[in-house]
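> Generate the whole structure from the sequences, applying the supplied hints.
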Amino acid sequence: MTNVLEAVFAILIFPGGLFVLALGLLLKGVDRKVVARLQRRVGPPLYQPALDIIKLMTKETLIPDTANEVAFRLAPVLGLTGMLVTAALLPIGGVWNGVTGLGDLLVLLYLLPIPAMGLMLAGGSSSSPYGALGFSREMCMMFAYEMPLIASFLAVAVRVGGASGPFLSLPAIMDYQFQHGPLLLDPVMLPAALALVLFIPGTMGHGLFDIPEAEPEVIEGPLLEYSGPLLAVFHLMSAVKLVVVLELAVALLCPNPLVAAGGGGVLVNLLWHICKCLVLLMVSVTCFRAATGRLRLDQGFSFFVKYTSPLALVSLWLAFLLR
Amino acid sequence: MLQFLSKLAARSPWIYRINAGSCNGCDVEMATTALIPRYDVERLGCKYCGSPRHADVVLISGPLTLRVRDKVLRVYNEIPHPKVTVAVGVCPVSGGCFRDGYTVGADIDHYIPLDVIVPGCPPRPQAIMEGVLKAVEIWRARLEESVCSHS
Amino acid sequence: MSTTTYTLPIGPLHVALEEPMYFDIQVEGETVRSVELAAGHVHRGMEALAMQRNYFQNVTLTERVCSLCSNSHPATYCMAVENLSGLLVPERAKYLRVIADEVKRIASHLFNVGIMAHLTGFDSLFMHAMEIREIMQDAKEGVYGNRMNLGQCIIGGCRRDIDEATAPFLLGQLELLKPQLDELYGVFERDPLIRTRTQGIGLLPFEEAKRHAVVGPVARASGVAYDVRRKAPYAVYADLDFETQSDTKGDVHSRALLRLREAVQSVKIIEQCLRQIPSGPINVREVPVIPAGEAVARSEAPRGEVFYYVRSDGTDTPQRLKWRVPTYMNWEALQVMLANCQVADIALIVNSIDPCISCTER
Amino acid sequence: MFPFLKIMLRNLLLGPSTDAFPFAPAKTHENFRGCAVFDPEKCILCGICHHVCAAGAIQLRPSEDGAGMQYLLWHNSCVFCGMCAHYCPTGALTMSNNWHLAHTGAEMFSNCISSFIPFGECAQCGAKIQPRPQAIIDKLGVRSPERFLLCPQCKRQSIVRNVAQVRSTRRQENP
Amino acid sequence: MNATAKQSVETAVSRALGAVGLHWTADVNGNSFGWVKLCAPESLLSIAPALAQCGARLMTVTAYRNDKFGRMEMEGHEIAYHFDLEGLVVTVSVCLPDNPPRVPSITPWFKNADWNEREFAELYGIVLEDHPNPRRLFLDPSLDAAILDRLVPLSTMMNGASTTTLWEKVFAGKQLPEWAKGGNS
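Residue numbers (the numbering used here), protein chains in the order written: chain A, 1 to 323; chain B, 1 to 151; chain C, 1 to 362; chain D, 1 to 175; chain E, 1 to 185.
Among the clues, some could well be false.
What the hints assert, rightly or not - Listed next, the in silico DMTMM-like pairs over lysine to aspartate or glutamate satisfying Cα-Cα at most 20 Å (straight line):
1) A:33 x D:19
2) D:6 x C:183
3) B:47 x D:19
4) A:33 x C:131
5) C:210 x C:251
6) E:111 x C:208
7) C:210 x E:86
8) B:7 x A:60
9) E:111 x C:332
10) D:6 x C:123
11) E:111 x C:36
12) E:111 x C:207
13) D:6 x C:182
14) C:210 x E:114
15) C:210 x C:332
16) D:27 x C:138
17) D:6 x C:131
18) B:47 x C:131
19) B:71 x A:65
20) E:37 x C:313
21) A:33 x C:123
22) B:71 x C:36
23) B:134 x D:19
24) B:47 x C:123
25) D:27 x C:131
26) D:6 x C:189
27) B:47 x A:60
28) B:71 x C:24
29) B:134 x D:107
Unchecked claim - With beta-carbon atoms standing in for the labels, derived distance ranges:
30) D:25 x C:291: 43 to 53 Å
31) D:89 x B:3: 50 to 60 Å
32) B:133 x D:97: 17 to 27 Å
33) C:163 x D:64: 42 to 52 Å
34) C:186 x D:12: 16 to 26 Å
Hint data in this document are derived by calculation from the structure and do not stem from the laboratory. All C-beta atoms, glycine included, are put in the ideal place defined by N, C-alpha and C.
Printed below as a string of structure tokens:
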């Protein structure tokens, strides 16, 4: 019974639910502000993403006549729910250990593409040619960035598991790092870490990989036909997704708490965790998108095939040899 | 509470622009206003959006040529309520120096109610910003109205 | 990727295009199979308007053909009317016209390369380019009074002199501009992203350029080194020292670089003008008499050759005023450039001819 | 390799280049061509502004009682080209650098310069003539101030009289 | 200045048409302009290939009515073809027969004549012979063809009403906003 309550709490309040929503919007705000600074602008206030959400909630929802209404309404909700559940599964070093028995890399592999699927559903159901184009681009990119993700997951699992076979459980991976130091500092894992850092803008669609929602090309692709609250849900989904991928990368690479768990340390550890997320955000999202433009779909695809995947595979191969 | 929320909401006006056959002077100035660091409307919460369905404030330029008229009206109808329109330049209001052309359908006011007018040929970006701020005032009142009438 | 062919409508109100223009593009997966252009959205019937307006009003009217090359139009129109009436423009006014033209050219070229960066999603670079353009915009506002429509040319000369107050201001702006322009050129030349996205796409070989009779930077980037300022000098270009830029690659990247090089040349031209400009009146005070007859004039606008033909029947309104703008010639060549390109490149390629639809459709 | 990174770093160090407007007044150059300003005291109703206005923003309409002209310049039709000010012989029309013109749709048609310009009266017969404002008299009418205020007919008569007078004086001097 | 170009234009024109009046004018900068007047549209079929052969580029085509709303005595349409050869502008004007005015297409020799010809066809109702792609170019299908061919002033025909109604509203508008009163603020 307590387990169920705990799970509900985890999904709705912390570390999923309200917490990720708030954190996600804040991170988006920081991201926009810093990008603005890099472009010599003042930029919006940090809480601007929240204002945008409030605004969208008050607007009218228009649904195209030709769209499949059920799928059209379902798509954003599906994406957001999927992400909230995923957020609840992710452990935070020194604060939260994840829902026991579920914090599994394989589960994550299934959960992570849900927002992309939501977008694909949105693009498919909105019956506009741009939506369709966005759909096919989203799918193509998904194949591209899932490859290095799987490879680096495996590299981590093999490295952590050592001789006893690959470890797929996130809490176990974290335990290993608590004992042996963060994987980020492990030279064997460095290529995989780099691959993960490149995976984040890939899955978020930023910088080089802003392909499915490219504004001048496919007018925001799948989101073209959305308006009002449904669009707000998409924005929330993307905010939560941002937190999820950042937290995931942190958990895989350096989950180490500042102080050992327990007591007043929880709050400090939480802040420490958020700091790590922020640093990762700056590197792999903010600076990345401020310093680059977008590639063509075929170039984006081959970028992952040619550079990112081999990086992760190098780590996997080394980890396998040094088992 | 609702009023407070709608006040907050009014701080996120998203901009969409429609070119109704302008000589592109106003368009270039609109793009300049909306996108470049010197004027940075993002600090006012504005965002330039590509889809009319995301827009709140519509900037219209150009004398509404015959061929583009139906398309402009269709796009305008795709913008969800509440919305405000800003005429940038004098062409949408009176046709400017294109009035009396055989394909010019100005004044736009026949088809789309204009809430704010920014005269100029083209108006300088600061003037466009002034117009947008005026439009946001009107929009805020409309938001409050629609939010309060929903509940 | 799917292999079915479907139609992708682009425009007429599309974010990537500054102006309404409509393409029906047959797409197979992400590859363009055929392009159908539909024109006429900005057709304002200006040639009919020009026949109803008198010669003075037409100066303002032609300035509103297009705001990006808004000085070339009235200047060429005035030249045509002056050719017709035999009016002699004071030497100082000729220099002033060249300065106004070149200021507009810099701003227009910077706008175009900026938009190119925007279309590749490189917004930081776009903003940087536009900030540099603001230097020129300020110069226009300070010297002429408007950021787009300078209102400098009138029949028989110019309206606003560059005096002791504005000449140093203009020079100062140029000093600010020069290092920035050089740096920008370096970025556009070497940035890996810009190169991956723009090199080798939108190719227009020399033969095709000849066949379609393209003009301006598009022609020059394909090896047709035709510049009206050199081939048929007008105003004071014959006395000025500058180089016609050309390239042979004929892709999107080379067109952008060529524009930036031309902007550098323009800075040089303005500086020479400010040094050499003689003193004297800036316009002819008497009201010109326009006799019956016909005359042509042309000039090199930022996008290429602008051509004016005026035919007068001796009244105060022209019998026929016709102009041909560079995009009118370049537009059809898009069929060649867009063949078999990717959907993502459409906007980039279209932008690379620096399309000015309001010019083209009038 | 990445030439833009340098610029980005510099941007960060230099800080925002954003103008303070709308929170502080924007810089406006004195040469800026803003809305036209009309001084009815100087207008002589020559109509050149109407003649050169490509946008048809200037309308002159005789008042019903024939006492003068209603002068209207509608800013929402004006294209701010400044041709009227350039050709205005008396400086009645000038371009100000005021660009704060944004207004609500309700004011669309009232956003104009509206001025009534009474005709002048012939100093002799009282017929309606072009307005002769003092500023113009001071400038153009210095050669023969009294004749400047006459209607064409009285002016002709006055000239004829004058010539006759001169002749008669001459005759008297050299008989 | 461009003597060779001048020479080759002269040879081309005289080869195509025999001794026709090709006369030259020049502007203040010494740029030369050549003018040729043709009386029969068929002559285009000989001069166009000759000019194409010597490397001339078609710049544009202007069609016009000789009478401009009935004010002049001459009648009928003319078309001026403007060519460029290395900085030399040669204008070939052709008188068209009336009822209906017709002209052969020169698109086979000058690819870029396509748009120009479609444009004058739709604006003046001139019949194009042998044009590869004779569709409308700019005009909305709802507009009548030959819109520039009207003898009534266009403003009354099309939108003249809009000017009048707009100005009525302006004259009626009494309340002036603060800053509009007396001009400068």
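> Check each numbered hint against the structure and report the violated ones by number, ascending.
none
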